[in-house]
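Please take these sequences and the hints and turn them into a complete structure.
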Amino acid sequence: MGNKQTIFTAQQLDAYQDCTYFTRKEILRLFYRYRDLAPQLVPLDYTNHPDVKLPYELIGSMPELKDNPFRQRIAEVFSEDGEGNMTLDDFLDMFSVLSEMAPRDLKAYYAFKIYDFNDDDFICKSDLEKTLNKLTRNELTEDEVRMVCEKVIDEADLDNDGRLSLEDFQHMIVRAPDFLSTFHIRI
Amino acid sequence: MPPKKKSDLAISVEEGMEVDATDSGSEDEARRRSRNRRVKPQRKVKCVSDDDEDEEEDEAPRKRGRKKRAKPQDSDEDDEEDKRSVKNKGSKAPRSRAAKVEREDDSEDERETKKKAGKAVPKKEKEEKNLEKKGNVKGKEEKEKDAEKNKKKKKGKLSSSSSDSSSSDSAEESLSEGEIEALKEQVEEKKQLIATLRNKPWRMKRRLLMLKEAQDFVEKFEGALGKGKGRKFYAFKVMMTKKLIKFKRDFENFKTACIPWERKIKEVESHFGSSVASYFIFLRWMYTLNLVLFGFQFGLVVLPEIMMGLPYGSIPRKTVPREEQATAMDLSVLLDFGGYSQYSFLFYGYYNNEKMIGLLKFRLPLSYLLVGIGIFGYSLMVVIKSMARNANEGGDGSDEGDFIFSWKMFTSWDYLIGNPETADNKYASITTSFKESIVDEQENQKDENIHLRRFLRVLANFLILWCLGGSGYLIYFVVKRGQMFAQMNKEDLTWFQKNEVEFVMSLLGLVCPPLFETIAELEDYHPRIALKWQLGRIFALFLGNLYTFLFALFDDVNEKLQNEKLIKNATEWALQEYQANYTAYFNTTAVPPQVVNPADVIRGPCWETAVGIEFMKLTVSDIQVAYLMILIGDFGRAVLVRFLNYCWCWDLEAGFPSYAEFAISDNVLGLVFNQGMIWMGAFYAPGLVGLNILRLLSSMYYQSWAVMACNIPHERVFKASRSNNFYMGLLLLVLFLSLLPVVYTIMTMSPSFDCGPFSGQDKMYNVVMDTINQDLPSFISNIFSYATNPGVIMPAVLLMVLAIYYLNSVSKGYQQANKDLKKKMQIARDEEKNRRNNKDSTNQVMKDLEDLLPNKSLIPPPAEEEEETPIDVVVSKGKKSLKTKQGAKQDGVNLERDVSLAAPNPRAPVTHGPRPRERPPVNTRGPLPGPGRGRGRGGPPR
Chain A
1 MGNKQTIFTA QQLDAYQDCT YFTRKEILRL FYRYRDLAPQ LVPLDYTNHP
51 DVKLPYELIG SMPELKDNPF RQRIAEVFSE DGEGNMTLDD FLDMFSVLSE
101 MAPRDLKAYY AFKIYDFNDD DFICKSDLEK TLNKLTRNEL TEDEVRMVCE
151 KVIDEADLDN DGRLSLEDFQ HMIVRAPDFL STFHIRI
Chain B
1 MPPKKKSDLA ISVEEGMEVD ATDSGSEDEA RRRSRNRRVK PQRKVKCVSD
51 DDEDEEEDEA PRKRGRKKRA KPQDSDEDDE EDKRSVKNKG SKAPRSRAAK
101 VEREDDSEDE RETKKKAGKA VPKKEKEEKN LEKKGNVKGK EEKEKDAEKN
151 KKKKKGKLSS SSSDSSSSDS AEESLSEGEI EALKEQVEEK KQLIATLRNK
201 PWRMKRRLLM LKEAQDFVEK FEGALGKGKG RKFYAFKVMM TKKLIKFKRD
251 FENFKTACIP WERKIKEVES HFGSSVASYF IFLRWMYTLN LVLFGFQFGL
301 VVLPEIMMGL PYGSIPRKTV PREEQATAMD LSVLLDFGGY SQYSFLFYGY
351 YNNEKMIGLL KFRLPLSYLL VGIGIFGYSL MVVIKSMARN ANEGGDGSDE
401 GDFIFSWKMF TSWDYLIGNP ETADNKYASI TTSFKESIVD EQENQKDENI
451 HLRRFLRVLA NFLILWCLGG SGYLIYFVVK RGQMFAQMNK EDLTWFQKNE
501 VEFVMSLLGL VCPPLFETIA ELEDYHPRIA LKWQLGRIFA LFLGNLYTFL
551 FALFDDVNEK LQNEKLIKNA TEWALQEYQA NYTAYFNTTA VPPQVVNPAD
601 VIRGPCWETA VGIEFMKLTV SDIQVAYLMI LIGDFGRAVL VRFLNYCWCW
651 DLEAGFPSYA EFAISDNVLG LVFNQGMIWM GAFYAPGLVG LNILRLLSSM
701 YYQSWAVMAC NIPHERVFKA SRSNNFYMGL LLLVLFLSLL PVVYTIMTMS
751 PSFDCGPFSG QDKMYNVVMD TINQDLPSFI SNIFSYATNP GVIMPAVLLM
801 VLAIYYLNSV SKGYQQANKD LKKKMQIARD EEKNRRNNKD STNQVMKDLE
851 DLLPNKSLIP PPAEEEEETP IDVVVSKGKK SLKTKQGAKQ DGVNLERDVS
901 LAAPNPRAPV THGPRPRERP PVNTRGPLPG PGRGRGRGGP PR
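The listed protein sequences correspond, in order, to chains A and B. When the first sequence is numbered by the UniProt record's numbering, its final residue is 187 and no position is left out of the sequence of numbers. When the second sequence is numbered by the UniProt record's numbering, its final residue is 942 and no position is left out of the sequence of numbers.
It cannot be assumed that every hint is accurate.
Here are the simulated DSSO-like cross-link-like pairs (lysine-lysine), alpha carbons at most 30 Å apart as the crow flies [unchecked claim]:
hint, chain 1, residue 1, chain 2, residue 2
1, A, K107, B, K480
2, B, K264, A, K125
3, B, K255, A, K107
4, B, K532, A, K151
5, A, K107, B, K385
6, B, K565, A, K25
7, B, K212, B, K184
8, B, K232, B, K220
9, A, K25, B, K248
10, A, K107, B, K819
11, B, K266, A, K130
12, A, K66, B, K232
13, A, K151, B, K824
14, B, K822, A, K151
15, A, K107, B, K220
16, B, K498, B, K480
17, B, K822, A, K125
18, B, K823, A, K125
19, B, K255, A, K25
20, A, K107, B, K498
21, B, K435, A, K66
FYI, nobody ran anything at the bench for these hints, they're computed from the structure.
Here it is in C-alpha cells:
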C-alpha cells in the first residue's frame with residue numbers, strides 16, 4: 001500500500017482507470033511487469049512522468065507476446081513511434097485493448113491496424129499474404145496462399161475495391177464467434 | 001494521396017466507434033478554441049513570463065512540450081512542416097488523422113504544437129481557454145455578444161494572478177438562462193466523454209489530456225450551474241454523484257480483487273489454449289455458485305439447528321442407537337457415513353420437527369423446505385442468466401458459412417498462447433485447417449468414400465448405444481443386488497459387496513468415455529464436432545446411470561416405507577402396552593410419559609437419511625476415483641514415460657503411450673454430473689454442499705497442478721468457441737433432471753415419522769400450508785387459495801403459452817427480415833461485382849433509361865467530361881502531384897467533391913447510415929481507384 005503512493009499519485013491512478021479497462025491493482029501489476037522488463041531503465045517513481053521507452057526487443061520478449069506471430073505488429077501499432085518502442089502509456093494502452101473488458105469495436109479497430117502491415121489503412125493482398133504466412137509459418141504453397149487471400153477478399157470485401165477497408169473488416173469480424181475469446185491477452 | 005486516405009479512415013473510425021456525438025462536440029470546441037488562440041499569439045507569449053508556478057496536474061502537457069521542444073515553435077504559419085511531422089509519426093494515426101478531417105486552414109496537430117510551444121503557460125492558458133469556451137457557448141447562440149466576450153477575455157488576462165474561482169465567479173454573473181442550458185448540455189457532454197473515454201481508439205496521451213480537460217471543465221462549470229435555491233441542491237447532487245462514482249470504482253476494484261485463481265488460469269491458458277482454460281473457468285464459476293448455495297444451506301438450516309436446536313443425545317433422532325454405539329466411532333464406519341456421522345447435522349434425520357426454535361422463533365422446518373427449493377431456484381436463475389450473457393457475447397453466428405476463410409485468417413490465432421510447444425501445435429493446426437478448407441473448396445465433396453464413412457458412423461453409433469444399454473442394465477442389476485445384500489447381516493458382507501454400487505458406477509464412468517472415444521475414431525469428425533458428440537454420449541451415459549440408480553433407490557425407499565409402517569405400528573403398540581401396564585399397575589389414568597434413554601427407542605429406517613447417505617457415498621467415491629485417475633492415469637503415466645524412456649526400445653514420449661492429453665469433455669461432464677448429484681442430494685444431506693465446496697477447491701489446485709505437470713497440449717489445439725454455453729446448456733439440463741426427483745419426493749412421498757424436520761406431517765409441503773393458514777394474516781391465505789384455484793391457474797398457463805407463441809413468431813419474423821436483408825446485400829454485392837467486371841453496363845439506371853430512350857440523350861454532359869480528364873491525369877501522375885493539385889485548388893472549387901456530387905453512384909451498397917452533407921459519398925467508400933471514378937457516372941462514351 002505504501003508503495004503505491006510513490007509510483008503514481010492518486011490522480012494518476014484515477015486517470016489511468018478512466019482511460020483503461022483496468023483496476024488500480026491491475027495497473028500496478030502492469031507497471032511492475034513493465035518495470036521487470038528493464039529494472040535499470042524504468043524508475044520506481046512515475047509521479048513526474050519520466051520519459052522512458054523500452055525497446056521492442058524487450059517488449060517482444062514478454063512471455064505473453066513472445067510466441068505470438070504478430071508480436072512485432074502489435075508493438076508497432078501500440079507504440080507511439082511506430083517502431084515498437086513503448087512507453088508505459090503505450091504499454092497500458094496495449095493491454096487495455098487486449099483485455100477482456102474491451103468492447104468488440106475497439107478490439108476490431110486495433111485488430112485491423114495489426115493486420116494492416118503496410119499502414120495504408122487497407123488490408124490489401126500483400127497484408128493478407130503476410131498474415132497467412134505468419135500464421136502458417138510459410139508452410140502453404142504460393143498457389144494456396146493466393147487462393148486463400150482471394151477467398152478472403154471475396155468473402156469480406158463489401159465494396160469490391162479489391163482490399164478490405166476498416167468497415168469491411170469490422171463487418172466481418174463482429175460476426176466471428178471466436179474473435180472476442182481469442183483476441184485478448186490475460187495479464 | 002495520403003491525406004485523403006487518412007481523412008477517409010478517420011471518418012470511418014468515427015463512424016465505427018460511435019464517437020460522433022461526443023467527439024465532434026469536443027473536436028469542434030477544440031477547433032474554436034484554437035482559432036481563438038491564434039488571434040492572439042502575442043498575448044500568450046507575454047503570459048509565459050508572468051506565470052512560473054505550475055499545478056502538478058499540468059505536468060503531462062508540459063512534459064510533452066519538453067520532449068517536442070525541437071518541433072517548430074512557429075508552426076502557426078507552417079502548414080507543410082506540420083504535415084511532415086505527422087507523417088514522421090507514422091501510425092500515430094487516428095488522432096492526427098482525425099485532426100486532418102477537421103483541418104480547414106488549421107489543424108489540431110498544429111494546435112497541439114502550439115500548446116507545446118506555450119508549454120510554460122498551462123495554468124494561465126487554461127483559465128483563458130475556459131473563458132473562451134464560455135465565450136464560445138455564447139457565441140454559438142448570440143453572435144452579438146462578441147464585444148462582451150472580448151472584454152471578458154481581457155478580464156481573464158488581467159486576473160491572471162487571481163484564483164480560478166474568482167474569475168469563474170465573475171463570469172457566472174453574466175450567464176443567462178439559455179446559456180446555462182447550453183452549459184449544462186456541454187457539461188453533460190463532457191461527462192459522457194469521461195465515461196466513454198476508454199472506448200476511443202486514441203493514444204493514451206490524448207486520452208489523458210482529454211480526460212483532464214473534460215474533468216476540469218466539468219469541475220469548473222458544474223458549480224456554476226443551478227441558481228438560487230436549486231444551486232445548493234445541485235451542488236449536493238454533483239457531490240453525491242462523485243462519491244457514487246468513487247464508490248463504484250472502489251467496489252469494482254474490490255470485486256476483481258476477489259476473483260480467485262486468475263493467474264493460475266492464465267498459466268494454464270497460455271500453455272494449453274483457451275479450450276482447456278475454459279474448463280477451469282467453468283470450475284471456478286461452479287465454485288462460486290456452490291459457495292452461495294453453501295451460504296444458504298449453512299446459514300439458514302445448519303447453523304440455526306446447531307445453535308438453537310436441541311443438542312446431540314437429547315432426542316432419539318440425534319442419538320446413535322444402542323446397538324450401534326460400540327462401533328459408532330470406528331473410522332471405517334464413519335467413512336461409510338454410519339455411526340456418529342449418520343446422526344449428525346450432515347443428514348436430514350438430525351433435524352428436529354419443532355415448529356419454532358430458539359429465542360428468535362426460527363421456523364426451521366419451513367426454512368428447510370424453502371432452502372431446499374430455493375437452491376434450485378437460485379441455480380436456475382444463475383445458469384440462465386449466464387447463458388443469456390454468453391449468447392449475447394458470442395456474435396449472432398447466423399452467417400456461419402459466409403466468412404470461412406476470413407475468420408480462419410483473422411481469428412484463428414489464440415492471442416493467449418504463451419508457450420512455444422502450444423504455439424507449434426497451433427501453427428500446425430492452423431496450417432492443417434487451411435489445407436482442409438482449401439481441399440474442401442477445391443473438391444467440395446469427397447464422393448468416393450462417403451458411403452463407407454456413413455456406414456462407419458452408423459456402426460459407431462450402434463456400438464455406443466449398445467454400450468449405453470449395457471451400462472444401464474449393469475447398474476440396475478447391481479443396485480438390486482445391493483438391496484439384497486442390505487437385507488443380509490452387515491458383518492457377513494465384504495467391503496466390495498457393501499460398496500458395489502458406487503464401485504460399478506465409478507468404473508463405468510471410467511471405462512466408457514475412453515471406449516466412446518475409441519469408437520468415435522471411426523467417425524472421423526472435426527475435433528470440435530467430435531467433442532460435442534463425445535460430450536453428448538458421455539452425458540447420456542451418466543444420465544442413464546444416474547437415473548437407473550435413482551429408480552433403484554426409489555424401489556428401495558418404497559420398501560423402507562412399508563417397513564416403516566410396521567415399525568410405527570410397533571412403537572404405537574408398545575406405547576399403548578406401556579400405558580395399559582402402567583394403568584393396571586398403579587391403578588391410575590394419569591400416565592406419566594415413558595422415560596426411555598433416547599438410544600433405546602425403537603426407530604424407523606428414516607429413508608431420507610438413507611438416500612442422503614447414498615448420495616454422500618456416491619460423491620465421495622466419485623472424488624476418490626477422479627483423483628486416483630489423475631494420479632495414476634496422468635501422473636503415473638507421465639513418470640513412467642519420462643523415466644522409462646531412457647531404457648526402452650522405442651520412443652515412449654513420441655510413440656505409443658506418450659503423455660496424456662487433458663480430457664476436456666470428461667472433466668466438464670464429471671463436474672456437471674457431480675453438481676447434479678449435489679443438487680439432488682442437498683435436500684437429504686445438507687452437508688453435501690460443504691463437501692462439494694471442498695472438492696471443487698481441492699480439485700482446482702490439484703487439477704491445475706496435474707495439467708501443468710503431466711499433460712501435453714492437444715495435438716490439434718482448437719478454440720473453445722461458444723462451447724461455454726454448451727456446458728451451461730448441459731448444466732441446465734442436469735439441473736432440470738435433478739429437480740424432478742426432489743420435487744417428486746416433496747410432493748408425493750410421506751416423510752418418515754420419527755426423523756427429520758417434517759416428521760409427523762403427512763406431506764412435506766404441509767409445512768408451508770400450515771404457515772400460510774395459521775401464522776399469516778387471513779387475507780393472505782385467502783389470496784393464496786384463490787391463486788391456487790384451477791380457475792386462475794388455467795388462464796395463467798394459457799396466457800403464458802400465448803405469450804410464448806407470440807414471442808416466438810416475432811422472433812421468427814425478425815429472422816426472416818434478417819435473412820431478406822442479407823439476401824439483398826448479397827445481390828447488391830453481386831451486382832457491383834458484375835458491374836466491375838464488364839464496365840459496359842456500369843450504371844444500371846442509366847442503362848435502363850438508355851433502353852427506354854434509344855437516342856442516347858443521356859450520355860453525360862460534356863462539361864463534366866472536361867472536368868474528369870484532369871483528375872485522371874493527376875491520378876496517373878501519382879500521389880504527390882494530386883496533393884499539390886488539391887492544395888492549389890483548395891480555396892477554389894473542390895473539384896472532386898463537385899464531381900462526385902454531380903453523379904453519385906445510385907446503386908452503391910448501403911453499408912452505413914447517412915452522414916454529413918459536405919463529405920462526398922464516394923469518399924466514404926474508400927479512396928477512388930482511377931477507373932472506378934468513371935464508373936459512378938454513367939457509361940463511358942461510346
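We went through each hint and held it up to the structure:
In summary, the hint linking A/K107 to B/K480 is not supported, as the alpha carbons are separated by about 59 Å, beyond the 30 Å threshold. Proposed proximity of B/K264 and A/K125 is contradicted: the alpha carbons are some 40 Å apart, above 30 Å. Between the alpha carbons of B/K255 and A/K107 the distance comes to roughly 24 Å, so the proposed pair stays at or under 30 Å and holds. For the suggested pair B/K532 and A/K151, the alpha carbons sit about 29 Å apart, so the restraint of at most 30 Å is met.
Between A/K107 and B/K385 the CA atoms are separated by roughly 25 Å; this keeps the pair inside 30 Å, and the hint holds. Restraint check for B/K565 and A/K25: not satisfied, since their Cα atoms lie roughly 63 Å apart, outside the 30 Å limit. Distance hint between B/K212 and B/K184 is fulfilled; the C-alpha atoms sit about 18 Å from each other, no more than 30 Å. Straight-line distance between C-alpha atoms of B/K232 and B/K220 comes to about 15 Å, which keeps the hinted pair within the 30 Å bound.
Under the criterion of a C-alpha separation no larger than 30 Å, the hint pairing A/K25 with B/K248 is consistent with the structure, at around 15 Å. Using a Cα cut-off of 30 Å, the hinted pair A/K107 and B/K819 holds, with the two alpha carbons roughly 27 Å apart. With a C-alpha separation of about 29 Å, the suggested pair B/K266 and A/K130 falls inside the 30 Å cut-off, and the hint holds. About 56 Å separates the Cα atoms of A/K66 and B/K232, which puts this hinted pair outside 30 Å; it is violated.
Proximity of A/K151 to B/K824 is assessed by CA-CA distance (about 21 Å); at most 30 Å being required, the pair is judged to hold. A distance of roughly 19 Å separates the Cα atoms of B/K822 and A/K151; the hinted pair therefore holds under the 30 Å criterion. For a cut-off of 30 Å, the pair hint linking A/K107 to B/K220 is broken: about 34 Å separates their Cα positions. At most 30 Å may separate the alpha-carbon atoms for a hinted pair to count; B/K498 and B/K480 meet this at roughly 13 Å.
A distance of roughly 26 Å separates the Cα atoms of B/K822 and A/K125; the hinted pair therefore holds under the 30 Å criterion. Only pairs whose Cα atoms come within 30 Å are accepted, and B/K823 paired with A/K125 is accepted, the gap being roughly 27 Å. Restraint check for B/K255 and A/K25: satisfied, since their Cα atoms lie roughly 11 Å apart, inside the 30 Å limit. About 59 Å separates the Cα atoms of A/K107 and B/K498, which puts this hinted pair outside 30 Å; it is violated.
A threshold of 30 Å between alpha carbons decides the hint, and for B/K435 with A/K66 the separation of about 26 Å falls inside it, so the pair holds.
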